[in-house]
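**Q** Following the hints, put chain B in place on chain A, whose structure we already have.
Residue numbers (UniProt numbering), protein chains in the order written: chain A, 1 to 219; chain B, 1 to 219.
Treat the hints with care, as some may be off.
Any copy will do: because identical chains look the same in the list, a pair fits if it lies in one copy or spans two.
Restricting the straight-line Cα-Cα distance to at most 25 Å, the calculated cross-link-like pairs of lysine to any residue (SDA-like) are [as the list claims (entries may be wrong)]:
no.	residue 1	residue 2
1	Lys4	Leu53
2	Lys129	Arg141
3	Lys218	Gly152
4	Lys129	Gly163
5	Lys86	Asp57
6	Lys129	Gly144
7	Lys86	Pro64
Simulated from the structure, these hints should not be mistaken for laboratory data. Treat the numbers as computed from the prediction; the structure is a model and nothing was measured.
There are 2 protein chains.
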Amino acid sequence: MPPKRVAIVTSSTRSPRLNPTITQYVYDVLTSDPMIPTNHNETTDTDPRHITLEILDLANQSLPLYDESVIPASLPAADPTPHYSKAHTRAWSAVVRQYDAFIFVTPQYNWSIPASLKNALDYLFFEWKGKPAGIVSYGGRGGGKAADHLRGVLTGLRMRVVGTAPGLSVKFTGLPVGVLSEEEMVRLDERDLVGWREAGVEGMMRNLGMELVCELDKV
Amino acid sequence: MPPKRVAIVTSSTRSPRLNPTITQYVYDVLTSDPMIPTNHNETTDTDPRHITLEILDLANQSLPLYDESVIPASLPAADPTPHYSKAHTRAWSAVVRQYDAFIFVTPQYNWSIPASLKNALDYLFFEWKGKPAGIVSYGGRGGGKAADHLRGVLTGLRMRVVGTAPGLSVKFTGLPVGVLSEEEMVRLDERDLVGWREAGVEGMMRNLGMELVCELDKV
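Excised from the complex, chain A in its bound form (with noise of 0.2 Å):
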């Protein structure tokens, strides 16, 4: 058995956005663990307790707002994929399906998650049912309304949500207006880096790690 493949999801899909560096974050801090087991060679890998951690950024889905004209929770829960009516929704259930965990990594924007984190969820239901799911929000207070949320939609897609949700502040990384390429990252402020390390964003964040590799071994 392969290792369980875990996706970090970047949710926003504005440009400019720092989306893309806080998951870079989420990503770096995960797999320097040690004691989560991610780091191994993809190809000859049998152990079935080791997971591999890819980013999966909604902005390279191409979904419109909901257009959707059959009810996610109707179809044939073991194949859903061929069922939907729209060539964007098979695409998004076949990238999905390939994935046995998520972690959310979403902005707070009005007390609540962006409507394309909303929209990519609504679109499937089988495809999430059942999968371990983790919550990485940030913002101004480190985007905790948003995290409560998103939990309350993952409960209704009957996801197992980890317990631990790590909330980053960001108080001093700025987000230059207009002026970033496409390739371009934001770069993290060290200010919020030791901000963050010192209210112990790390440790929460390899608890979530070693959550989810626990939920894994579950299933």
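**A** Same frame as chain A, now just chain B:
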């Protein structure tokens, strides 16, 4: 001073959808109540305590998934409209600024509001701020989780959300999939209407209307 304008917002944008039917029901209940000062001649009415009710359908706004490069809350409060980076945002801003209050009629998708509504809300800030808002939800069990969630988002936008939030349990009104033209509306099943009447939904709706009128009087 002309009557104040209240928008009853149809929040989902997919097709087919039940939302226009439910929105029309809300409109009919409110305009048929002699206690709510809405039955007037628009051209000659000058009583500032009067309101006009209008249906505002998000499906007519052509808003893509959020792609503004400016932060709505950072624009000039008195006149944000010309400062948005996208033509669709400027158009949406101009529409919303015309209204003095809003009743959001929302379905529940996965324990929350549809992305189409969150998206339309996130595009703007000062166009919403300080205005009275009411919530009507619907769903298999009335959509109460979506209503609670929306209350948080609207509070984050600094709207003055009134207390009464009717929830309509839709058990019998079927949504035919893929057979309705754009023009056709789903018809309400008499059994759902009876259930709402027995549950006191019409009275709650009128309460909501009167609370909005009172809030508008405070402005």
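**Q** For Lys86 and Asp57, with the copy left unspecified, which applies at a CA distance of at most 25 Å: within, between, both, or neither?
**A** both (20 Å within a copy, 23 Å between copies)
**Q** When no copy is specified for Lys129 and Gly163, does a C-alpha distance of 25 Å or less occur within a copy, between copies, both, or neither?
**A** Within one copy only: 17 Å inside, 34 Å across.
**Q** Check Lys218 against Gly152 for me: Cα-Cα at most 25 Å, and say if that holds within a copy, between copies, both or neither.
**A** within (22 Å within a copy, 35 Å between copies)
**Q** When no copy is specified for Lys129 and Arg141, does a C-alpha distance of 25 Å or less occur within a copy, between copies, both, or neither?
**A** between (30 Å within a copy, 21 Å between copies)
**Q** How would you label the pair Lys129, Gly144 (within, between, both, or neither) given a Cα cut-off of 25 Å?
**A** both (24 Å within a copy, 22 Å between copies)
**Q** Within, between, both or neither: how does the pair Lys4, Leu53 come out at a Cα-Cα threshold of 25 Å?
**A** Result: close within a single copy only, 9 Å intra versus 54 Å inter.
**Q** Can you give me the call for Lys86 and Pro64, within, between, both or neither, at a CA distance of at most 25 Å?
**A** For Lys86 and Pro64, the Cα distance is within 25 Å both inside one copy (11 Å) and across copies (17 Å).
Consistency note: the structure conflicts with none of the earlier hints.
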